[in-house]
Amino acid sequence: MTDPARPREYRELAVADDLATVLRNEFAYVWNTLRRLGVHADDLADEAQEVFLTVHRIFADYDRGRPLRPWLFGIAYRVAARYRRARAKHPLAEPVELIDPSPTADEALEASEAQALVIEALQTIDLGRRAVFILSDIEERTAPEIAEALALPLNTVYSRLRVARAEFRDAVTRLQRRKGVDR
Amino acid sequence: MSHESRDPRLERLLAAERGREPPPDSIRDAVLARVSAIARGEPSACAPSRPPRAFPRGLRAGTVGLVAAAFAAGAAAGAWIRGEAPPRIVYVATSAPSRSLELPAPSAAPPRIDDVVPKAPNIPVRPSRSATPILAPSDGGVGRASSLAAERALVDTARIALARGDHANALAALERHEAEFPNGQLAEEREVTAVQVLVAAGRKQAAVERGARFRLRHPTSALVPVVDEALR
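Chains S and F, in that order, are what the protein sequence lines are.
Residue numbering for the first sequence follows this note's numbering, beginning at 1 and increasing consecutively.
Residue numbering for the second sequence follows this note's numbering, beginning at 1 and increasing consecutively.
Here chain F stands alone, though its shape is the one from the complex:
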């Protein structure tokens, strides 16, 4: 659309806005995994991504700084610091063995969209605005929630280590996750992170094999493209 003699001052500002950084891949992957889980109809995936506010908003900047500092050496840190993305990784509670984005199979009659996205009220479409706290033990899931927290801590550790270039510790955390939660709720995220770590560590063959294993186990996962990109 024509910009009838646009003010150069405004044009500079708008050009800067056009160059806005994308959010970190970790956030993208987590949100997409969450969409995938909700599409599968897993109620536990409907908890809001934002944890309950434990401190006044004014203190959040400090938290942001702490989390961002942990990633300072990584590429993700730059995006977080420069951009507006909240330094929060969203995790999805998935069942094991997990399958993402249950998209229709080619056989027989084409599936209905309701097979893919269950209707409310079974699956609240706007969990972010519900009163449900994150990791809500809605199905007697206190153990499930704490287990997810433990899983999250391990995958988090791996991602932070990866961002720092500390591949050994990243792999150690992922191996521990695999040992403790072989079919855990974050199994897909673990495998994707493992492929990324192996690539970053220069172990291309191992990364390819692990990626192939992921594709085999989760052929319709929304995270398959993430694996593909890591291996590219």
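Extracted from the complex, chain S is given alone in its bound form:
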């Protein structure tokens, strides 16, 4: 099992304990991030598994001085990109969002509809720009954080965001018009 060609080691035992916490506490974050990045609802469990296997593999290299979620987002982004390439050959049908039909749950229904609309609109944006948009406008990260998470120059972050915002706005307008929503 030990391979001298792969000298990476856990630096300290404490890493192990932290890893269990990360896996558990950040599951929902990774799950929702993958969904926003375009992973089909039916494939979320498999892709979340991919993310956490990667986390498990490289967690010793994670710099504790930096925020965790942008680091996780970077991993999820790469997994989603690979997924997208694989799925291009075998596309899955949409829509995939399930909406609570309960007439008593008006508020929840409204939230579900809004979320479904956001997910649908996000899918119209190129993945690279979408990642920047998600980090900025949904997660409310700063541009330097986004640049670091996605290994992009700061200027690229700004330019992608500008385009992505316009694309998102147009997509929402188009989708709402199609669904006859006037909000």
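Hints may be right or wrong, so weigh each one.
A short, non-exhaustive set of chain F residues, derived as facing chain S with CB atoms under 7 Å [stated by the list, open to error]:
1) L14
2) A16
3) E17
4) P22
5) R28
6) V31
7) L32
8) R34
9) A149
10) R152
11) P182
Anything over 12 Å on all C-beta distances counts as not near chain F; from chain S, calculated [said to hold, decoys possible]:
12) R57
13) R66
14) P67
15) G74
16) D126
17) G128
18) A151
19) R178
20) G180
These are calculated hints, taken from the structure and not from any lab test.
Even glycine gets a Cβ: it sits at the ideal position worked out from N, Cα and C.
Given the coordinates of chain S, work out where chain F should sit on it, guided by the hints.
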């Protein structure tokens, strides 16, 4: 990042998306147990979580509805109905006695990561995209697969009963699992569910004892935090 005069209509949508529900704990626990099993190097854990498609995708909504309906009384149902999580519980084939997340021991030299996560091709890292069907009898495991299916049915029954607040039936299913599969592939999941049921039933002392037993048997399990939270 600044939102130069954001359209309030878009802001409402994005705020709703920020409040997206997390997936049910059962899915989280199952996926993490699966990660743990793959990290241990158990090939049987590498089967994709998604079963082969037995019917056209268009019919899936009906299936979703049926499964969700079974959980309608539980908290998990709300999340499933509102969210996008697939109503599928992923189970992990683990060896007995099972140990999760084989993380390094404090003694001697620090273990290599390869001790924790075996390299491909022994352990396919992307089982979800392989052609391997779920519960693939790759090692002559037809019996193993059917045994896992039987285990899954029992643990499923317990979880459904727990979601409904039917603690007696939940415990009955778990006891049956323990009797039939004392060191089964889902032994860890059984024990964690048992702790959750005991807590829900107000049997705190029994839950604490069972949780302590779980910690003793599976000190490095990825499910230990789940037990801790149940007992909190």
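So, going through the hints one by one against the coordinates:
{"no.": "1", "hint": "L14", "in the structure": "holds (6 Å)"}
{"no.": "2", "hint": "A16", "in the structure": "holds (4 Å)"}
{"no.": "3", "hint": "E17", "in the structure": "holds (4 Å)"}
{"no.": "4", "hint": "P22", "in the structure": "holds (3 Å)"}
{"no.": "5", "hint": "R28", "in the structure": "holds (4 Å)"}
{"no.": "6", "hint": "V31", "in the structure": "holds (5 Å)"}
{"no.": "7", "hint": "L32", "in the structure": "holds (5 Å)"}
{"no.": "8", "hint": "R34", "in the structure": "holds (6 Å)"}
{"no.": "9", "hint": "A149", "in the structure": "violated (18 Å)"}
{"no.": "10", "hint": "R152", "in the structure": "violated (15 Å)"}
{"no.": "11", "hint": "P182", "in the structure": "violated (26 Å)"}
{"no.": "12", "hint": "R57", "in the structure": "violated (5 Å)"}
{"no.": "13", "hint": "R66", "in the structure": "holds (18 Å)"}
{"no.": "14", "hint": "P67", "in the structure": "holds (15 Å)"}
{"no.": "15", "hint": "G74", "in the structure": "holds (17 Å)"}
{"no.": "16", "hint": "D126", "in the structure": "holds (19 Å)"}
{"no.": "17", "hint": "G128", "in the structure": "holds (17 Å)"}
{"no.": "18", "hint": "A151", "in the structure": "holds (18 Å)"}
{"no.": "19", "hint": "R178", "in the structure": "holds (15 Å)"}
{"no.": "20", "hint": "G180", "in the structure": "holds (15 Å)"}
Hints 9, 10, 11 and 12, counting from the list given before, are not met by this structure.
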